[in-house]
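Undergrad: This is what each chain is made of:
2 protein chains.
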Amino acid sequence: MANVGIHLVVDAWEAPAELLNDANRIREALIEAICAGEATLIDLCVHQFSPHGVTATATLAESHIAIHTWPEHGYFAADFFFCGQGKPARAMEVLQTALGAKQVTATEIQRGFPQSADPRTRRSEAVFQGVA
Amino acid sequence: MANVGIHLVVDAWEAPAELLNDANRIREALIEAICAGEATLIDLCVHQFSPHGVTATATLAESHIAIHTWPEHGYFAADFFFCGQGKPARAMEVLQTALGAKQVTATEIQRGFPQSADPRTRRSEAVFQGVA
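Chains as they are written, first to last, in the working numbering: chain G, 1 to 132; chain V, 133 to 264.
Keep in mind that the hints are not guaranteed to be accurate.
Said to hold, decoys possible - What follows is a set of in silico ranges between Cβ atoms, one per label pair, in the way DEER data are often shown:
{"#": "1", "chain 1": "V", "residue 1": "L173", "chain 2": "G", "residue 2": "R27", "range": "18 to 26 Å"}
{"#": "2", "chain 1": "G", "residue 1": "M1", "chain 2": "V", "residue 2": "E150", "range": "23 to 31 Å"}
{"#": "3", "chain 1": "G", "residue 1": "G84", "chain 2": "V", "residue 2": "N135", "range": "30 to 38 Å"}
{"#": "4", "chain 1": "G", "residue 1": "R120", "chain 2": "V", "residue 2": "M133", "range": "40 to 48 Å"}
{"#": "5", "chain 1": "G", "residue 1": "E28", "chain 2": "V", "residue 2": "G232", "range": "39 to 47 Å"}
{"#": "6", "chain 1": "V", "residue 1": "P148", "chain 2": "G", "residue 2": "E108", "range": "29 to 37 Å"}
{"#": "7", "chain 1": "V", "residue 1": "Q235", "chain 2": "G", "residue 2": "G100", "range": "40 to 48 Å"}
{"#": "8", "chain 1": "G", "residue 1": "I31", "chain 2": "V", "residue 2": "Q235", "range": "34 to 42 Å"}
{"#": "9", "chain 1": "G", "residue 1": "E28", "chain 2": "V", "residue 2": "E150", "range": "38 to 46 Å"}
{"#": "10", "chain 1": "G", "residue 1": "E28", "chain 2": "V", "residue 2": "A149", "range": "19 to 27 Å"}
{"#": "11", "chain 1": "G", "residue 1": "Q110", "chain 2": "V", "residue 2": "I163", "range": "23 to 31 Å"}
{"#": "12", "chain 1": "G", "residue 1": "E38", "chain 2": "V", "residue 2": "K234", "range": "33 to 41 Å"}
Said to hold, decoys possible - Which stretches of chain V does chain G cover? Using the computed rule of at least three CB atoms under 8 Å from a CB of chain G, they are:
{"#": "13", "region": "167-179"}
{"#": "14", "region": "204-218"}
{"#": "15", "region": "223-230"}
{"#": "16", "region": "234-244"}
To be clear, the hints were calculated from the coordinates, so they are not data collected in a lab.
Even glycine gets a Cβ: it sits at the ideal position worked out from N, Cα and C.
Chain G with its partners taken away, still in its complex shape:
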């Protein structure tokens, strides 16, 4: 397996509804999380739903962070996909703390593809076969 990055899939609950419905607070929390995760922000979209709920996507040089909140359930879903040298677990901790979630589950997924499928590897094999 050729790993390109780590993806933390996070579900968090028992968070105050007023924080989960505060688009400005979520924007600030995302920027804090991106800084803490040592990532580089390319673009940030924060959208307030009516009557409640906020969704936000941060496009990063390292990949992305996304968050979707359900204030009426005290719940939010977040994703931290980082390639390179960033610290997704640190970003997750900062977001969880900023939004006051008492409960959280995080699943780490290694993103990537079979090493044997890499065209650069296959090209090397072809060259080697040619030489042999």
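Following the hints, put chain V in place on chain G, whose structure we already have.
TA: This is chain V only, laid out in the frame that chain G set:
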């Protein structure tokens, strides 16, 4: 478990490098995928890296789609997080076809939280206990 949505985690490879490095084609493919998935686009960010690679995030009324490409490996990672009535599997198929990936793995994750943690449920229990 209270499910709020379905998240398809997709890794795809054996795709042509020229497609994976074409930001305009990826923008078009995402819009096609969003339409096929019967989702509503709020915001779309498409970013071209140098010397190669494209990253894009689509903020949806239903949650989000994200894609990150590694043309040099013929690989892309994509996420389709849909709450509500959308069709994430159909969106995935359209994106995979548009970008010419011959191989794909997709993992479906049910996003949500324990039913017992829902504050609306807990409030009902509290009322019931008060009555009892």
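Undergrad: Now, for every hint given, state plainly whether the structure supports it.
TA: Do the hints match the structure? See the list:
1. Look at V/L173 against G/R27: about 20 Å separates their beta carbons, and that is inside 18 to 26 Å.
2. The hinted window of 23 to 31 Å between G/M1 and V/E150 holds, with their beta carbons roughly 25 Å apart.
3. Distance hint check for G/G84 and V/N135: the Cβ-Cβ separation is about 32 Å, which falls inside the suggested range of 30 to 38 Å.
4. A C-beta distance of roughly 42 Å is found between G/R120 and V/M133, which places it inside the suggested range of 40 to 48 Å.
5. Remark: the range hint 39 to 47 Å for G/E28 to V/G232 is upheld by a beta-carbon distance near 41 Å.
6. The hinted range of 29 to 37 Å is satisfied by V/P148 and G/E108, whose Cβ atoms lie roughly 30 Å apart.
7. At roughly 42 Å, the beta carbons of V/Q235 and G/G100 sit within the given window of 40 to 48 Å.
8. Checked against the hint of 34 to 42 Å, the C-beta distance between G/I31 and V/Q235 comes to roughly 37 Å, which is consistent with it.
9. Evaluation of the 38 to 46 Å hint for G/E28 and V/E150 yields a pass: the beta carbon distance comes to about 40 Å.
10. Distance hint check: the CB atoms of G/E28 and V/A149 are about 39 Å apart, inconsistent with the given range 19 to 27 Å.
11. For the pair G/Q110 and V/I163, the beta carbons lie near 30 Å from each other, so the given range of 23 to 31 Å is met.
12. Range check, G/E38 to V/K234: Cβ separation about 35 Å, and the 33 to 41 Å hint holds.
13. Closer than 8 Å: that is the beta-carbon criterion, and the region 167-179 of chain V has 4 residues meeting it against chain G, so the requirement of 3 holds.
14. Coverage of the region 204-218 of chain V by chain G holds [criterion: at least 3 residues with CB-CB distance below 8 Å; count 8].
15. Using a Cβ-Cβ cut-off of 8 Å, 0 residues of the region 223-230 of chain V lie near chain G, which falls short of the minimum of three, so the contact claim is violated.
16. Counting residues of the region 234-244 of chain V whose CB lies closer than 8 Å to any CB of chain G gives 5, which reaches the minimum of 3, so the coverage claim holds.
Violated hints, in rising order: 10, 15; the structure is consistent with all others.
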